[in-house]
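Enquirer: Throw the hints in and build the complete structure from the sequences for me.
Those protein sequence lines, which keep their order, are chains A and B. In terms of our numbering, the first sequence opens at residue 790 and continues consecutively. In terms of our numbering, the second sequence opens at residue 266 and continues consecutively.
Hints were generated in silico from the structure; no laboratory data involved. Worth double-checking, as some hints may not be accurate.
As the list claims (entries may be wrong) - Computed cross-link-like contacts, EDC-like style, restricted to lysine to aspartate or glutamate with a CA-CA straight-line distance of at most 20 Å:
hint: 1; chain 1: A; residue 1: Lys1041; chain 2: A; residue 2: Glu960
hint: 2; chain 1: B; residue 1: Lys269; chain 2: A; residue 2: Asp1060
hint: 3; chain 1: B; residue 1: Lys269; chain 2: B; residue 2: Asp366
hint: 4; chain 1: A; residue 1: Lys1184; chain 2: A; residue 2: Asp1202
hint: 5; chain 1: A; residue 1: Lys1041; chain 2: A; residue 2: Asp1004
hint: 6; chain 1: A; residue 1: Lys992; chain 2: B; residue 2: Glu317
hint: 7; chain 1: B; residue 1: Lys459; chain 2: A; residue 2: Glu1056
hint: 8; chain 1: B; residue 1: Lys411; chain 2: B; residue 2: Glu283
hint: 9; chain 1: A; residue 1: Lys1180; chain 2: A; residue 2: Asp1062
Below, each chain spelled out in residue letters.
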Amino acid sequence: MLLLQNARIAAENSPELVESDVLIVEGIIQQIGTSLAIPEGARVIDARGRVLMPGMFDAHVHFRAPGFENKETITTGSEAAINGGITGVVMMPNTRPALDSATAIATVLDNARHRARIPVYTSGCVTKNREGKELAEIEGMHRLGVIMLTDDGDTTADPAVLLRAMQYATEFGMFFASHCEVPELAGPRALNEGVMSYRLGIKGSPACAEEIIIDRDIRLARAAGAHVHIQHVSSKLGMETIRWWKSRGDVKVTAEVAPHHLMFTDEHIGDYDTNYKMNPPLRTQADCDALLEGLKEGVFDLIATDHAPHTPFEKAQDFISAPNGITGLDTALVSLHHFFVEPGKFGWDLVVKRYSAEPRRLMGLPVPTIEVGQQAECVLFDTEAETTFTKEFMKSKSQNTPFINQTLKGRVDLVILGTEILLER
Amino acid sequence: MARKDLLDIASLHREEIEFLLDQSTSFKKLFTHSVKKIPALEGKSVLMLFYEASTRTHSSFEVAAKRLSAEVTNFDVAHSSITKGESVRETIETLQAMRTDYIVVRHSHSGLPGMIARQTTASVINAGDGAHEHPTQALLDAFTIKEKFPDPRGKKVLIIGDILHSRVARSTSTLLQKLGVEVAYLGPGSLVPKYVPATIPRFTNYEAAMAWAPDVVYLLRVQLERQDVQFFPNVREYHRVYGITTARLAEIRDRGLYIMHPGPVNRGVELCDAVMDYERSLITNQVENGISIRMAVLDWLTPGGEFPRQESYAAPQRASSTVIMP
Ligand SMILES: [Zn+2]
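Expert: Structure (structure tokens):
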């Protein structure tokens, strides 16, 4: 029995936080109200001033297992999620071997059940080994519960292959998640083309490389009657393309935005800082502003980190050699608070809607709320405390984040899932 | 004012530039008066780490180091076919163990010399990194221009060619602008990006560029090997549209303009053969001045200093730039 007193409760459809006591009995929220009587034997936590919200859900993470366990494992990745107030994730299939068959999916899901304290779901590849040529074992993966198909890390380059896959998989109720870039335009460098790429002397990837595939994949989905989910949108025109298609209403399209694309520009790369190297790349302030607008407007259905761990050795290479990607699970919620909620750019209702409810709806999962009768799946967040993201603080196996050794406003104090307290700080 | 490394022009202060140019003048004088060697760097070692072939820059540094009595070693990278960052990291550890005082590095990866500099106590000199910077080239270019225009303020230099891929264009124009020289770019639309600094006029038409009235015409080497996708149809067309043809040379002679080129020249592409005999060509002056400038740089840098012990691979990873509080 756990009684949280005077917590400020956040919900996706209420712009105001509601102060209440919350009583959790055997993993179920049993009572909500002011000045609840303290039942005998109940543990009491004074939550005054702190925000109680449903656990977050990240629909785009790279846990690297199998094949790259030096970067991350299902255990370390899911612990990083818990550390950041996230109680469910969807893994990307760009492992080695890639998750393109029922066998590979079965192994990884079995690992997830045994090695993670939170539900860990996985997507499957569109094509074998993400090569964009032969179709992956789509129905075999579906039978094991996979509903998201993606060649994330790359675009499925051949539109004919993707169209076929869409026609085939849609019949099973599956949907497609698209990493959008024209490979010939984007090149391998993960740097926005513009003033900064010129200054650094590295071939840049123009925003149109992303815009073209966003548009292409939505058109393919429309032709196939499929649902396409656009991953990690980084450009203003990319956002506007999705907005336009959504306004037409004749194709099922959803989209996500990553915290780093809302917060940083290519200028942050400064003197070749590889902790700002990811794909799609950081672009300009105008793009950040447009993405924020798109998030507030609902063009983006969800926030997802694209948590992409790499070892210190790999990231300490020169900018061109270093791999793409930054970690995000340990830092996402605190950084969203620091950059947006605290300065009043959006409220907790948006965070709950876009980072807890919508990603679960995308995956066809029940949405946790702080309501009587619901399973307790919640996070207690201190908006006044600070978090310093030291190497020791991070639970991810890798620390390739711009927030390394930075102090941000906000702290995840408590993570509850059912009868278990997953984290208490 | 002591500096450990010379990685770029962008971070050099005007006084440092003036100092290096003055030092170069002294070195040049000294060596025209039959001096063969001075003991400035006696007992010091200079390691040449060239991942890209370059006879010119390599030998220029080598002569400069030897004139200062330094011991020069060539690190054989030609035979290790892998020149990716990962193997460079291993090389750095080897270099650190070798206790070399100076490392002169050239690599196709922009920013790589800076990465080496952060991980070694040796003074690192960037001898060209990708399309990023080539600081000693910029210094020798400025020195060469100052020999003709002792007060270069307000003079105009037109840089022609592959601006997009050129580290020379970046370093030299940054340096010239710091000295008050005006710079403009001319080249094919595909090679002169629209996002070059706003302070630099951008031309894609030769006549329009000449109407800007430059004092110096600086041709960049056409780097055909860097072009993954074609940037212009062929070298014949390039020469006709952007090169110094015989007819254009006549006009340049009439106007008394100087011609520069970082070398090696692709004859018939950037320049017609007749430019080699043009009295105001500064191309050989550039080569000559390269030595005294590099002596000045070697003599100026101070190896050693603060260097964190490398405990693990994580150690040299700097903290990211400070996140701005909203
Ligand atoms: Zn991706």
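Enquirer: Taking only the CA atoms, is the gap from A:Lys1180 to A:Asp1062 under or equal to 20 Å?
Expert: Given that 20 Å is the threshold and the Cα spacing comes to 17 Å, the pair holds.
Enquirer: Please work out if A:Lys1041 and A:Asp1004 have their alpha carbons no farther apart than 20 Å.
Expert: holds, 13 Å
Enquirer: Does A:Lys1184 pair with A:Asp1202 here, judged by a C-alpha cut-off of 20 Å?
Expert: holds, 15 Å
Enquirer: Does B:Glu317 sit within 20 Å of A:Lys992, going by the straight-line distance between their CA atoms?
Expert: It holds: about 18 Å lies between the C-alpha atoms, which stays within 20 Å.
Enquirer: Would you mind confirming whether the straight-line C-alpha gap from B:Lys269 to A:Asp1060 stays at or under 20 Å?
Expert: It holds: about 17 Å lies between the C-alpha atoms, which stays within 20 Å.
Enquirer: Is it true that the CA of A:Lys1041 sits at most 20 Å from the CA of A:Glu960?
Expert: holds, 14 Å
Enquirer: Please verify whether B:Lys269 and B:Asp366 have alpha carbons no more than 20 Å apart.
Expert: At roughly 10 Å apart (the allowed maximum being 20 Å), B:Asp366 and B:Lys269 satisfy the hint.
Enquirer: For B:Lys411 and B:Glu283, compute the direct alpha-carbon distance and say whether it is at most 20 Å.
Expert: holds, 11 Å
Enquirer: Between the alpha carbons of B:Lys459 and A:Glu1056, is the straight-line distance 20 Å or under?
Expert: holds, 18 Å
Violation of the numbered hints given earlier is absent; every hint is satisfied by the structure.
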